[in-house]
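K.L.:
Line by line, the protein sequences give chains A and B. Per my numbering, the very first residue in the first sequence carries number 1; after that it's consecutive. Per my numbering, the very first residue in the second sequence carries number 1; after that it's consecutive.
Read the hints as simulated data drawn from the structure, not as lab findings. Keep in mind that a hint or two might mislead.
[Claimed, not checked] Subject to a maximum C-alpha distance of 16 angstroms in a straight line, what follows is the list of computed EDC-like cross-link-like pairs (lysine to aspartate or glutamate):
| id | chain 1 | residue 1 | chain 2 | residue 2 |
| --- | --- | --- | --- | --- |
| 1 | A | Lys53 | A | Asp28 |
| 2 | A | Lys114 | A | Asp28 |
| 3 | A | Lys310 | B | Asp201 |
| 4 | B | Lys252 | A | Asp387 |
| 5 | A | Lys383 | B | Glu249 |
| 6 | A | Lys228 | A | Glu151 |
| 7 | B | Lys183 | B | Asp201 |
| 8 | A | Lys383 | B | Asp273 |
| 9 | B | Lys99 | B | Asp293 |
| 10 | A | Lys383 | B | Glu245 |
| 11 | A | Lys145 | A | Glu134 |
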Amino acid sequence: MNWDNTTLFSDDNPADAAFRREVRQWVDKNCPENLRDRPSRVTPPEMKPWHKKLFERGWIAPHWPREAGGMGATLEQQLILFEEIARIGAPTPFPHGLNFFGPILIHAGTPEQKARHCPGILSGDVTWCQGYSEAGAGSDLASLKTRAVLEGDHFIVDGHKMWTTNGTHADWMFALVRTDAEAKPRHAGISLILIDLKSPGVTVKPIKTIRGDAEFAEEFFDNVRVPKENLIGPLNGGWKLATMLLGGERFATGHPRNAAILLNRARQVARVTGADADPAFRQQLAALEIDLLAFTAYYRHGAALHGLGKVPESMTPVMKLAAGPLAQLASEFLVQVAGPAGASLADMEVDGEAVNPAEDLFEMRRVTVGGGANEIQRNILAKRALDLPS
Amino acid sequence: MEPILNEQQSLMRETAVRLCKDYGGPKRARALRNAGTEMDVPAWMELVRSGWLCAAVSEDAGGMGMGILDVSLALEEAGKQLLMVPFAEVAAVAHVLGKIGARAENQLRAVQQGLQILMPALPQEGWGNVGSALPIARFEGGQWFLDGRIRHVPFAQSAQSYLVAARIGDEIMLCAVLRHLVKLDTVANVDGSTSSELVMDGSLVEESQVMVRGAQAQELLETLRDLLAITTGAALVGVSAAALEMTLEYIKYRQQFGKALGSFQALQHRVADCFVNLELNRSLVYRVAASYDAGQMHAAMAAAVKARTSRVALSLTRDALQLHGAIGYTDEHDIGLYYKRAIALAALYGNDINQTARFSALTL
Ligand SMILES: Cc1cc2nc3c(=O)[nH]c(=O)nc-3n(C[C@H](O)[C@H](O)[C@H](O)COP(=O)(O)OP(=O)(O)OC[C@H]3O[C@@H](n4cnc5c(N)ncnc54)[C@H](O)[C@@H]3O)c2cc1C
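All chains should be built: construct the whole structure from the sequences, respecting the hints.
P.N.:
Right under this line is the structure:
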C-alpha cells in the first residue's frame, strides 16, 4: 500500500465519493493554470475569475444555507470541496466575506441587509475585509478605540484599523467599533458596522509584509459618515457576533492539508537535492509525518463528532495549537531540505514546477498569530478545558 | 475527545473503567513493586473472567467478536490505573491465534479459559529494523528444536508458554514454546515490571505446537507486531492521561507566592501543550485501531501509534514530574510511578526512534 498523506482516514460514503470525483474533475478542468501551485500570494483581482467559476458552478458557499444562496452542504461535502481545491494547488477563495462576515450577516442581518450584501459576497464582485485589529488592540481586542458616534441617521467614525488583509483591494469593511466609551465590561460597548471604503474621510495605506507583498493595510477614518442601517445586530452587541465567528472557522483554517502539501513538497525537493538519500532526512520526515497522521486523526475525529453535535469546547484551541506549529515545522523542514536554495528569493525549479521554500516559510508564520494567537489559545485551554485558576 | 461508540462498546468501556479502578491504582502498583511481584494475579483472573483477552477474536473462533478498538479502550483504562498484567500482549496474541484457525484452536482455548498465559516473545532490539535475530529451528526425529536468545520479554516468569517466531532457512514459523523448556534470566525494570532473556538451547517444540509456517507466518508476525504497537500505545495514552490529571490537581492545590501554582501562565501553557499532545494521541489510537478493524490499516499507522504515544508519554510524565517539584523526586509520591511506567512501556515493542524508523521504511 502506498502512503498518501492527503487521504488519511478519509472515509467517504458512496455519495460523498461520487461528489469528490465530480469536484475533482471539475476543478482540474476549470481552475486557471496561473493560480495553481503558486509560490506567491494570489491577489483579490487574480482570484476573481476563479471565484466566479466556483460561484457559477454553485460551489462557492458550501457552508451557507440554501435560502441564502449557499449549498447547505454537510461538513463532509465542505471538506471535500476544500480538499479537492487544495489537491491541485489551487487557492481557496478569500474567507473574509464568505466565511467570516457571511455567516454573521445571515445570522444577524436584516432582510434588507442580506438582500443588499449576500449577492456580492457570493459572486465575488465585492471584496470584503475584516476591520477588527488596531495598533493598540490585538490579542486584547476588546480594548479597541475606533469610535462610531450616532448623529441623526449616521454614525460618525473616527479612528484607525490595522493588519487588514486585502485592505487595499477591498470595497467594504465589516468593522468592530466602539459605540459606548463608558461600557463595563469594555466589550459591552462594541458594535459591528459595515463601512464603504470609498466613503469620504477613509484613507487606506498598504503595509508591506515579511513576504514583501502588500497583503495587509491600515485604514484611517476621519469623520467618516456611515448610514445607521449599516449596523449589524443590536447596538453594542458586536462582540458576541464577532466571537461567534472566531469559533465557527475551525475546520477550514486548521485543515491538515497545509502541512501535507509542505511535506510532499519537501519530498520532491529532497529528490532533486539528493537529501532523500540521507537517513537523517528520512527520520525527520517520518517524525513530521507521524505528527501529521495524529493531527489528521484528531481532525477527522472532530469532524465526525461535529456531525453528532458533540464537539467539545476544547477542539478549537487544540486544532489551532496543533495545526499551526505543525505546518510551521513542515515549512522549516522544507527550507532545510532545500539547502542554500532555502534562503533564496528566486524560485527553485522542481519537476517543472516553481517552488519557493522561503515564501512557504513566511506564509506559515501567520498561522500562529492571526485569528487569536497561540498563546491566547493556551490561555483559553487552561481556563476552560483544564479549569485552572486565574 | 470522546470516542464514538455503539452501545455494546460504551458498556464495555464503563465496565473497564470500573474493573481497572477496582483492581488497579497507584497504591496497588506500589505494593506489587515493593513485593517484587511480576504480575497481579487477582487482576489477571478478573481480566480472564471479563472475556476481554479474546474481545478481538471472532465469535466463530470463540471470542467476543469485537475489535482492536475495544481492546484499546480497555487498555487505556488499564494504563490509567497502572495494572500490572500482560493484557496488551495476550489480547494481541489471541487475535492472531484466532486468525490462524484450527492449528491454534487449543492454544486459543487455553488462553481464553485462563489455563495458560501465552506471551509473545519477539526480539525487541531495534524492533525488526536492525539487530534482532530470530531463534533457529531445526527438525530432528519428527520434532523441532530451537536455539537462540530472545531478550527483554516481559511477564516471562508468569507465562506458561511463549509465542515464538523461529527461522527455518528462508522461512519462519510461529510456535508455542513451553516455559519450562527455556532458561530464563530475569531482571527488574524501573517500574517493577520484569525483563527476561529467554535462552533456548535445543528447546523442544512438538509438531502440534507449530501453528503456522511460511508466508502466512510472516504476515501474522507482522500483524502481531502492529497489534502490540497499538495496544501498548493505548496503555501509554492511559498512563499519560492519568499523569496529566494528577498534575492538574496538584497545581490547583499547591500554593506558592500566595497563589495556586496553576494560576501561573508559564505552567498553564505547559500543561495546555501536554493536553494537546495527549488529545491527538487519543484520536490517533482510536482511528488506527478502527482502521485495523475495518481492514484498512497501513502498517505504518501502527508504527506511528507506538512512536508518538511513547514520545508523548515520556515528555508528558517528565513535565508532570517537573511541575511537582521536589515531591515529584521522591519515591513516596505516586507521580513517579506513572513516569516509570511510561519509561517501561515506551521501551517495549519499539520505542519512538525504532518505530519512527519503521514508519519511514514503510512509507518510502
Ligand atoms: C498575516 C496577518 C493577517 C491579518 N489579517 C487581519 C485582518 O484581516 N483583520 C484584522 O482585524 N486583523 C488581522 N490580523 C491581526 C491579528 O488578528 C493580530 O495580529 C492578532 O490578533 C494578534 O494581535 P497583535 O498582532 O497585536 O499581537 P499582540 O496582541 O501584541 O501579541 C504579541 C505576542 O504576545 C502574545 N500575547 C498577547 N497577550 C498575551 C497574554 N495575555 N498572554 C500571553 N501571551 C500574550 C501574543 O500571543 C503574541 O505572541 C492579521 C495578522 C496577520 C499576521
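K.L.:
Each hint should be assessed against the structure and marked as holding or not.
P.N.:
Quick rundown of the hints versus the structure:
1. Lys53/A x Asp28/A: Since the Cα atoms of Lys53/A and Asp28/A sit roughly 12 angstroms apart, the hinted pair holds (cutoff 16 angstroms).
2. Lys114/A x Asp28/A: It is violated: about 33 angstroms lies between the C-alpha atoms, which goes past 16 angstroms.
3. Lys310/A x Asp201/B: violated (57 angstroms)
4. Lys252/B x Asp387/A: Distance ~9 angstroms between Lys252/B and Asp387/A Cα, so the pair holds.
5. Lys383/A x Glu249/B: Answer holds: Lys383/A to Glu249/B is near 14 angstroms, not above 16 angstroms.
6. Lys228/A x Glu151/A: Given pair Lys228/A, Glu151/A holds - Cα atoms ~9 angstroms apart, limit 16 angstroms.
7. Lys183/B x Asp201/B: The hint holds at about 8 angstroms.
8. Lys383/A x Asp273/B: Judged against 16 angstroms, a Cα distance of about 13 angstroms means the pair holds.
9. Lys99/B x Asp293/B: OK: Lys99/B and Asp293/B at ~13 angstroms, within 16 angstroms.
10. Lys383/A x Glu245/B: holds (15 angstroms)
11. Lys145/A x Glu134/A: holds (8 angstroms)
Of the numbered hints stated above, those contradicted by the structure are hints 2, 3, listed in ascending order.
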